[in-house]
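**Student:** Listed here are the chains, written in short residue letters.
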Amino acid sequence: MDLFEAIFWFLTAMAIGSALGVILSRNPINSVLFLIATFFAISGHYILMNAQFLAIVNIIVYAGAIMVLFLFVIMLMNLNADVEPQKSRLVQFAGIISGGILFLLILAALRDMKAAGVIEKTATDIGLMKNLGKTLFQNYVFPFEISSVLFLSAMIGAMVIGKKETLVIDKN
Amino acid sequence: MNTLMLAVEQSTPINYLPVVLQLLVAIGFVIFMVGVTHLLGPKRKTADKLINFESGIPQVGNARQPMAIKYFLVAILFVLFDVEVIFFYPYAINFKELGTEGFMAVLMFVAFFLCGFIYIIKKGALEWEE
Amino acid sequence: MNQLLEISFSSLASSIHSWLSSAIANATILNVVEMAIAGVCLLVFLVPLCFVLGYMERKVAAFMQLRLGPNRVGPKGTLQIVADTVKLIFKEGLTPNASDKFLFNLAPIIVVVVSMLVMAPIAFAKNFQLWDLNIGVLYVTSISSIAVIGILMAGWSSYNKYSLLGAMRSGAQIVSYELSVGLSIISIVIMTGSLKISDIVMSQADGWWIFKGHLPIFISFVIFVIASTAEINRAPFDLSEAEQELTGGFHTEYSGMKFAMFLLAEYINLFVVSAMAATLFLGGWMPFHIGHWEAFNHIMDFIPSSLWFLGKTFAIIFIIMQFRWTFPRLRVDQLLNLEWKYLLPISMVNIILVTIMAIMGWYL
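Residue numbers (the numbering used here), protein chains in the order written: chain W, 27 to 198; chain R, 2 to 131; chain A, 3 to 366.
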């Protein structure tokens, strides 16, 4: 278990370090790349917990798909170094306050977690794909179907935002 | 199975150790190759050589130009459909045990997606020429 | 007799294993050493592979256009690609002043590392596989989906309009076609019920899926080949690097070895994609058998499994290479139409057909 512990701490340091990099780097592209590194670290944690499907899906969906979307969005905007908007003091202050409150909230929630004592240290078989699929399609069929409705609404939302109804003006 | 790594049992975290080593070997290889060319290649850098290529003319404007929103639409649709594809994997492994009920669930799931798909096509999101 | 002909990798692997286990006592260190050997072996395999593919690419191009192709350096021009590699090593690697220097140098590394990682679970021959992961196919899809980030990074960091446009086009193209590739893979996963590469190969012992899977599997095979040609940015889907309008696409600014890295990644990806097609649909290293023709099957068994695998893989590589000289390049709107209006709906319906077929047991 010595090796596992070393890998665990390495991944933890990587996750926290690159998460800090996301916030601290000024260049949005660098932020996205740090975020990808964070996702890889988290996938590593999933693998340590033997949740293979989750680890792979985390890479495909987050690091592969959503990050590509982020990169596209960043490239979509006009990103010149000289047009970086300077945020006002008030906004910064509000950000610090709300972030601090969220941090406190998470801290409080985590303390309750510890009291419950449900942390499992050894790897189990729950996260293996076979078992996961069975659970998903037997016990959670309804949420699964609901998720497809969610996707439908997301598609419609994307259409509404992305596809502006263009006025056809007769040039003649 | 009966590969070079015989001792380990399947589906435990230790199975993923090869990928780490593979990663290290691959990174080492690439850095070695780029490093070798850095050492062996000539280093005569001039200001003209290091400007960006623009078919022989001086650079016009700025390369950070906003892109067409269609790329963004493709990316967002990709995310949605990718999740759909992912949901197929656990089903594909288990479909024999799940039987008709599971099949119906998947069929309904696909039907919802096809509805959305038809909507997208009808809306003309994927028409590139206006 | 059969054993004699199988001088293949499996006996080599087991003899190395027994030799190492006598030399090293600690099991963990033994494993690590073996995996390191495996990784280095893969590297040793990769470089000649890329030479072969580079040579083959030129010869196929020449063959399709009634030219001679490289024929000066070495016998029949075989050393041309080695000479080119040596030339590339001695070239100056430029980093444009305006570029984001760190990302510019990181991008080729990511692209090559990703394509090398994907090689790991491929079964090259009977009992010879570097890493038989129990989610093998899913691993291949997931890691190959990272490559697009390297490409976008290369295009963006170059600070060049051509690069950026090329990267955006490649990005949109790769992510779109990834969906069809995924769905074609799932059709085989449904047939076999396993994601493990070795299970998928073993399930084809009595016939390759392309034969016993009837029309739906054949459709997914065709879709797989088309979509993966697009996913690895090869002609006729290579509009990310359409010379006439975009010069070099996302690697316009790259030179020397960094450029060669993109080329290397392209060839590795070509091999991986063809190997996956051969494994999923054409039976991997399984020899070709016909029903009860025992004599014929016996003759087929004499051919080593590694030859079977490489033969199938190179047949598909040849098909993909000759696409380049057969079809004109698509426009970006045609490209996205092909995926979103034809391949994706067809593969979605096809998946349902395959599922029905598998539930009903309508296959051999």
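Derived from the structure by calculation, the hints contain no laboratory data. There may be inaccurate statements among the hints.
What the hints assert, rightly or not - Here are the computed lysine to any residue pairs in the SDA-like style, where the Cα-Cα straight-line distance is at most 25 angstroms:
1) Lys156/W x Phe47/A
2) Lys343/A x Gly42/R
3) Lys103/A x Lys214/A
4) Lys103/A x Leu248/A
5) Lys97/R x Tyr166/W
6) Lys93/A x Lys71/R
7) Lys44/R x Lys61/A
8) Lys156/W x Gly42/R
9) Lys50/R x Ile111/A
10) Lys343/A x Ile52/R
11) Lys93/A x His19/A
12) Lys61/A x Ile39/A
13) Lys71/R x Lys214/A
14) Lys160/W x Ile172/W
15) Lys71/R x Lys156/W
16) Lys343/A x Cys116/R
17) Lys343/A x Glu128/R
18) Lys124/R x Lys93/A
19) Lys124/R x Leu340/A
20) Lys44/R x Phe47/A
21) Lys103/A x Glu128/R
22) Lys156/W x Phe65/W
23) Lys46/R x Glu296/A
24) Lys160/W x Ile182/W
25) Lys46/R x Thr87/A
26) Lys103/A x Ile172/W
27) Lys103/A x Gly42/R
28) Lys46/R x Lys61/A
29) Lys123/R x Asp138/W
30) Lys89/A x Lys71/R
31) Lys214/A x Arg331/A
**Student:** Would the pair Lys61/A and Ile39/A pass a check requiring their Cα atoms to be no farther apart than 25 angstroms?
**Tutor:** Judged against 25 angstroms, a Cα distance of about 33 angstroms means the pair is violated.
**Student:** Keeping to a limit of 25 angstroms between CA atoms, is the pair of Lys343/A and Gly42/R held or broken?
**Tutor:** 48 angstroms, violated
**Student:** Is the hinted pair Lys124/R and Leu340/A satisfied, with a Cα-Cα distance of at most 25 angstroms?
**Tutor:** Holds, at roughly 17 angstroms.
**Student:** Verify the proposed pairing of Lys156/W with Phe47/A, using a straight-line Cα cut of 25 angstroms.
**Tutor:** 34 angstroms, violated
**Student:** Decide if the proposed pair is consistent with the structure: Lys124/R and Lys93/A, CA atoms, cutoff 25 angstroms inclusive.
**Tutor:** At roughly 51 angstroms apart (the allowed maximum being 25 angstroms), Lys93/A and Lys124/R break the hint.
**Student:** Mind checking the alpha carbons of Lys103/A and Leu248/A for me, to see if they're no more than 25 angstroms apart?
**Tutor:** Answer holds: Lys103/A to Leu248/A is near 22 angstroms, not above 25 angstroms.
**Student:** Is Lys44/R within 25 angstroms of Lys61/A, Cα to Cα?
**Tutor:** Distance ~34 angstroms between Lys44/R and Lys61/A Cα, so the pair is violated.
**Student:** Starting from Lys103/A, check that the Cα of Gly42/R is at most 25 angstroms away, please.
**Tutor:** 18 angstroms, holds
**Student:** Holds or violated: are the alpha carbons of Lys103/A and Lys214/A at most 25 angstroms from each other?
**Tutor:** Violated. Lys103/A to Lys214/A sits at ~52 angstroms, over the 25 angstroms cutoff.
**Student:** Mind checking the alpha carbons of Lys156/W and Gly42/R for me, to see if they're no more than 25 angstroms apart?
**Tutor:** 53 angstroms, violated
**Student:** Compare the distance between the alpha carbons of Lys71/R and Lys214/A with 25 angstroms, and conclude whether the hinted pair is satisfied.
**Tutor:** 41 angstroms, violated
**Student:** Check whether the Cα positions of Lys343/A and Cys116/R lie no farther apart than 25 angstroms.
**Tutor:** Answer holds: Lys343/A to Cys116/R is near 14 angstroms, not above 25 angstroms.
Checked against the numbered hints above, the structure violates hints 1, 2, 3, 6, 7, 8, 10, 11, 12, 13, 15, 18, 20, 21, 23, 24, 26, 28, 29, 30, 31; every other hint is satisfied.
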